[in-house]
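*Asks:* With chain U fixed as given, assemble chain Y onto it according to the hints.
Those sequence lines, one after another, are chains U and Y. Under my numbering, the first sequence has 169 at position 169, and the numbering climbs by one with no breaks. Under my numbering, the second sequence has 130 at position 130, and the numbering climbs by one with no breaks.
There may be inaccurate statements among the hints.
Identical copies look the same in the list; a pair holds intra-copy or inter-copy alike.
What the hints assert, rightly or not - With a cut-off of at most 30 Å between alpha-carbon atoms, the simulated DSSO-like pairs for lysine-lysine come out as follows: (1) Lys60 to Lys156; (2) Lys201 to Lys156; (3) Lys77 to Lys188; (4) Lys183 to Lys201; (5) Lys78 to Lys188; (6) Lys29 to Lys188.
If you are wondering where the hints come from, they were derived from the structure by calculation, not from laboratory data. All figures in this text were calculated on a predicted structure; none of them were measured in a lab.
Protein chains: 2
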Amino acid sequence: MDQFKIIQIQKSIYSSNDEAAEKVRSDMKETNTFLLNLMSSPGSGKTTTLLQTIKLLKHKFRLCVLEADIDSDVDAKKIAAAGVKTIQLHTGGMCHLDAKLTKQGLDEVGTEDIDIAVLENVGNLVCPASFDTGAVKNAMILSVPEGDDKPLKYPKMFKMCDALIVNKIDTISVFDFDMDALKERVLKLNPNIKIFPISAKTGEGVEAWAAWLAEMADETIKG
Amino acid sequence: MDQFKIIQIQKSIYSSNDEAAEKVRSDMKETNTFLLNLMSSPGSGKTTTLLQTIKLLKHKFRLCVLEADIDSDVDAKKIAAAGVKTIQLHTGGMCHLDAKLTKQGLDEVGTEDIDIAVLENVGNLVCPASFDTGAVKNAMILSVPEGDDKPLKYPKMFKMCDALIVNKIDTISVFDFDMDALKERVLKLNPNIKIFPISAKTGEGVEAWAAWLAEMADETIKG
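Just chain U, with the same shape it has in the complex:
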């Protein structure tokens, strides 16, 4: 396939989302592909974080990115420019990706030669928390300007994630953001979540996040 492609999402043959999610998981097991579902609010830095992550991992893993965007391709073009296979999923008005749509994207990209596939979900802290995409791991980004009270308001999202990236820590002095309070709130909802404070802009902290992702991917690929 081309490095960059746009597909329109169509109707699926799967009757339930859970059925499609199981199919995605078994397909990915067959091709030894680790699928990560990455979620966040609009503007929290998903694409910039991915670009930094790609820089650290692309020499070890064969990567691809599925970009969910309602109506544009700005993010997909940036990822493709980093030399990584990219599929743009135009969701129309949809506020989340489900497993059926994920499967369409993965089928289109073809995962036989892919180690890590990243699903960049629609920018939304609500709806994506209710849909299993078939990913092996779920991660979210919260950026410092959004505030340390977000776990109180969007608990479902914080509960379902295996990892939380706290982005834009280079701006922490500008905002009234209490990292300890955030951690306490998050861990109360989800004691097993891994928390990675980073600045996708400066690169600070990205290595620890990328190392975790590599470890999770290795487990899947070698398992």
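*Replies:* Using the frame of chain U, we list chain Y on its own:
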């Protein structure tokens, strides 16, 4: 009613959202109440902006706020502390408010002695753009850290709004944010939208926004 109250949203007797929206509009006309629907991403500063707006308008208008929150009451408590009638709408997992839910909240608060009712919608740039709440005017907040490219990604929201508040302009030097590019993108989608750059933190620009809101409210109340 009490200054602060939590209600759980229940089933409605209205068959369609449009029907309920018309009912909200006719009810509000009857009590001479101006209803504003305020939308944004999580963490863009809806509550802080409202607190600043209340400060400027509460001596001229009788205000109330309907706070949509999935599962907390932190915002509603802050608004109530500012001396304004507040209803907390617990939406459960819902990602937006529709007209049926809005009507429940307005019925509960009672609008006979209210000039301006503000609906603080769920933090989400996608779903609320698809539901008429019955409001006379729709406004949204975009905060500087979210980026100037958001009109490209969430066009429906920018198209449906009468006013755009660009919040956190005190942090513009920290972020790579181009106000002219933003304005150009927004006006291309929606040439009639009013744009108000503000800092809810410092109060900068809030007067112009509050003056517009007062003018719109006066038109409804006196009309």
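*Asks:* Quick one: which hint numbers does this structure break? Sort them smallest to largest.
*Replies:* 1, 6
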